[in-house]
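Trainee: Let the sequences and hints guide you as you build the complete structure.
Chain order of the listed sequences is H and P. According to our numbering, the stretch in the first sequence is residues 1 to 457, in order. According to our numbering, the stretch in the second sequence is residues 1001 to 1484, in order.
Read the hints as simulated data drawn from the structure, not as lab findings. Keep in mind the model is a prediction, meaning the values are calculated, not measured. Just so it is clear, CB atoms sit at the ideal spot from N, CA and C, and this is done for glycine as well. Keep in mind that the hints are not guaranteed to be accurate.
Distance condition first, Cα-Cα at most 30 angstroms in a straight line; then the derived BS3-like pairs of lysine-lysine [stated by the list, open to error]:
id, chain 1, residue 1, chain 2, residue 2
1, P, K1038, H, K74
2, P, K1279, P, K1092
3, P, K1038, P, K1210
4, P, K1368, P, K1343
5, H, K218, H, K273
6, P, K1421, H, K340
7, H, K407, P, K1279
8, H, K273, P, K1421
9, P, K1092, H, K218
10, H, K340, P, K1092
11, H, K407, H, K218
12, P, K1343, P, K1092
13, P, K1092, P, K1102
14, P, K1091, P, K1038
15, P, K1415, P, K1210
16, H, K329, H, K310
17, H, K340, P, K1038
18, P, K1210, P, K1279
19, H, K218, P, K1091
20, P, K1038, H, K329
Cβ pair distances, simulated, as ranges [said to hold, decoys possible]:
id, chain 1, residue 1, chain 2, residue 2, range
21, H, A10, P, E1106, 37 to 43 angstroms
22, P, G1454, H, E398, 34 to 40 angstroms
23, H, G271, P, M1419, 31 to 37 angstroms
24, P, Q1317, H, R304, 51 to 57 angstroms
25, P, D1182, H, P427, 47 to 53 angstroms
26, P, Q1317, H, H22, 50 to 56 angstroms
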Amino acid sequence: MPASGGPESALLTRARAREIFHAAASVAQMLGVRDIEAMVGAGTHALTRFANNTIHQNVAERSGYLSVRALVDKRTARASTNRLDAEGIRRVVEEAVTLTRLQTPDPESLPLAAPADVVEPARWFQQTAAMTPTSRAEAVREAIRAVESSSQTAAGIYSTGESALALLNTNGGFVYHAETMAQFSITAMAQDSSGWAKKSSGNAAELTPLDFALIAAKKATDSRAPGEIAPGRYTVVLEPSAVLDLVGQLFGDFSATALRDERSFLTGRLGEKIFGENISIFDDVYHPLQSGTAFDGEGVPRQRVPLVEKGVVRNVLYSRQTAAQLGAKSTGHGSPLPNKYGEAPMNIVIAGSDTSVEEMIATTERGILVTRLWYIREVDPYQKIMTGMTRDGTFLIENGKVARGLKNFRFNQNLIELLSNVEGLSPAVRASGEEAFDMVVPAMKVHDFNFTEVTRF
Amino acid sequence: MKDTALNALDATVRRGISYADVRLIETEDRNVSTKNGKIGQASSSVSQGLGIRVLDRGSWGFAATDDLSSGGIEAAAALAVEIAQASALTKKHDVALAPEQKYEVEWTSPIRIDPFSIPVDRNLALLFSIDAELRRNPGVTLAETALVFARNRQIFVSSIGSLIDQTRYTSGAGFTAFSFRDGEIQKRSYPNSFGGQHQLKGYELVDELKLLENAPRIAEEAVALHAAEQCPEDQFDVILDSSQLGLQIHESVGHPIELDRVLGTEANYAGMSFLTLDKLNHLQYGSEMVNVVCDARLEHGPGLGTFAFDDEGVPAQSTDIIRNGLFVGYMTSRETASAVGQKRSNGTMRADGWARIPLIRMTNVSLKPGRQSLDEVFGADHAIYMQTNKSWSIDDKRYNFQFGCEIAWEIRNGKSVRMLKNPSYSGISTEFWNSCVAIAGPEHWILWGTPNCGKGQPEQVMGTGHGASPSRFRNIKIGSAYAG
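Mentor: Have a look at this one:
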């Protein structure tokens, strides 16, 4: 819906955002500059962190900011501040204008975006905004007790936060978004094993820390006294977090700018079937399990974009700039200008199917169940080989059953090959990891996953 | 600023807590970059705020705000205490801090040229010159250049009476040439990956790096890599340039020696450490020529980990970590030092801005120079010489690592005989350091800056320093990144 409706955060009301913008625009006008764009944001974030079965770090922050981009004769630059009084606003506009006037003109520079109506998903929940240090601590205490009762040690976080962002320009553009977010993560550690679970949701009422504590504790119990098997190619069952963190490394390349720069693995592959028939991927901010704004860094509404359909790479994403340069239409995925990387997907949804993780295990004669992956880095940008480690719950599957825990592996895996070797997909869920932003992805059963080394635990 | 910080301390102490400190920070930064002849980024930002850390009922609380009005400060103080009291709901024992003196000090890091005195158009003129030089080579398909500058002033006040006013300037500069051809992307960076070199310096760093002069060579190497042979999969001696060795130190020494990791407080995210307490003064971490220090003092050099005081008011110190190959020291905080019975923190608590709590972070963790000449380091019958990091990964206890580099050279009888592409090496941390057989002398030692070290929840990004000179390691596994 237009910026006049939808949820609103008391941290930054629409009226306050307009007030700050008008103050900035007035300063710009006095400096002889008509065209400016501003992002006005505010947020609170609190995180209760625990380890060794006690809360050891417990923090909260509140902040706001104003980021101003000036546009003068096809030149542009940006300045930001968190000082939102009159003096702070004056200074940041002056800085933006000064930086802009020192640039060389860019013939491809576009005028400010035209006003657009954005259908804004409702992502602000009172239950999350109302969380307190005590309510988080009580939930953490219950989770710790569950892990302690298994004679294990718990570490993790429970965070809650609220944010609001308005993007305005002197063309009359005004879009606004408010949302809340809650996240719980827990590691349960036994003598020689560990287990992990994590979940995020806009609504804290949907988080059940105790359930996740029990999952982590069971994984730690089931993987005790881990054995070691030789590295090599194995069938793996990747839980959703492992899929997210690994496959999530692909998506920065689904960018028209990355393609134009020839830094994307999709260079020369657009329109080709490079993944398996069972792989379809979308960028869809409107998916009910997604989060984030329904507009991009210039206020352009985000479109739902099919990136991969039945293994064929169909589309990449466009900002206004790359769309104009390449004769395409913006998909609403541009980053705030000026920037080097152009555009990126923010709301990945990988289509799932109906095979449960239990069924994947039951149909595996010999393979490895992976809870989580860690320290994933790119080895080869065009083959898309990634390296990383398994962590916190790696299991041998034998004859359709989880047989025992395993010492952790290093992998060097080509992701194009991985998405061609998928034998089964679970229903897609909102997954959280540590190496990629949250996405909606299924668990996957994959054959010939390439483990190259084993570590000591 | 000092009055505001003291007011915040008063507002906190008034609530009857047992300890509090306040960090009021003002940061200014500038980022200028180019890509293929156009401006990539031209931005500046300023940020001001304060963080209040409090010990009450034996537990920690922390609240940060950028509302520096008296109402905003009172609210933050009240919230910090409320949070500490909530933390106490799960308390196992009271937090204890190793003793520390109070200090009243003003300190500014030495610079020759204030980076903010150089106009942005001059920054851009330099970057566009480098860009043009890189793209003069027709094989270069993408050229990126960047400059980053920051000024950070922090007022630290604490309930033991410290008042420390500290200002640090950091600068960074570098560029990368990419070449795409026949389904292969190669790149070369100068003087390092991660945006180049970063130090506690002013604009003089940019002048020292001779960026423009090195652009043609870097462009040529990026393009030549396409025709180079693939680095084989085998076990050979490996020689690392000082920047790659700096990252090797960071990952396989710097992180494992963080005492908070050892004690489990990072277990959910960054992980733990193989350096359990029983290994102190017993583990042969490296060969006898390996000596590593953690040194935040200016005498060590202008590193990203150089300062006068850490973020809990402890003076910069130098601590031996590995002495003649033996593991002899951790990085500590006041809390962790107390927990393991040490008399004093060695001053490594650092926070990523006003909105974050200090954590144990690397300062400058450096391999001391050796005694060999460069000819002796390269004097192997056969070795692979690797330069400039391309990928890096290590397990969550810091045993198993794998690094990829941008370029390698096969060395035979001390001479480079051919270029190799896609080099990588892997191993176990202690086995690697025990295989060290040659370390070049102080004339080849460089203090590198790593600007992107992540740790903590919420995640904090910190700049760390790592000094090293080219070194040789015997019989290292190479090439497994492309194996299978």
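Trainee: Checking one constraint from the list: CA of K218 (chain H) to CA of K1091 (chain P), max 30 angstroms. Satisfied?
Mentor: holds, 25 angstroms
Trainee: Quickly compare the C-alpha distance for K407 (chain H) and K218 (chain H) to 30 angstroms and report which way the hint goes.
Mentor: Holds, at about 17 angstroms.
Trainee: Do the beta carbons of G1454 (chain P) and E398 (chain H) sit within 34 to 40 angstroms of each other?
Mentor: holds, 37 angstroms
Trainee: Hinted pair, alpha-carbon criterion (30 angstroms max): K1368 (chain P), K1343 (chain P). Please report holds or violated.
Mentor: OK: K1368 (chain P) and K1343 (chain P) at ~26 angstroms, within 30 angstroms.
Trainee: Would you mind confirming whether the straight-line C-alpha gap from K1092 (chain P) to K218 (chain H) stays at or under 30 angstroms?
Mentor: holds, 24 angstroms
Trainee: Does the alpha-carbon distance linking K1091 (chain P) and K1038 (chain P) stay inside the 30 angstroms limit?
Mentor: This hinted pair is violated, its Cα atoms lying about 56 angstroms apart.
Trainee: For a C-alpha distance cap of 30 angstroms, please report whether K1092 (chain P) and K1102 (chain P) respect it.
Mentor: holds, 29 angstroms
Trainee: Within 30 angstroms, alpha carbon to alpha carbon, are K407 (chain H) and K1279 (chain P)?
Mentor: Cα-Cα ~22 angstroms, so holds.
Trainee: Does K340 (chain H) lie within 30 angstroms of K1421 (chain P) when you go C-alpha to C-alpha?
Mentor: holds, 27 angstroms
Trainee: Do the alpha carbons of K1038 (chain P) and K329 (chain H) lie within 30 angstroms of each other, as the hint requires?
Mentor: holds, 22 angstroms
Trainee: Can you tell me whether the CB distance of Q1317 (chain P) to H22 (chain H) sits inside 50 to 56 angstroms?
Mentor: holds, 52 angstroms
Trainee: Is it true that the C-beta distance of D1182 (chain P) to P427 (chain H) lies inside 47 to 53 angstroms, as the hint says?
Mentor: With Cβ atoms ~41 angstroms apart, the hint is violated.
Hint violations for this structure: numbers 5, 10, 14, 18, 25, all remaining hints satisfied.
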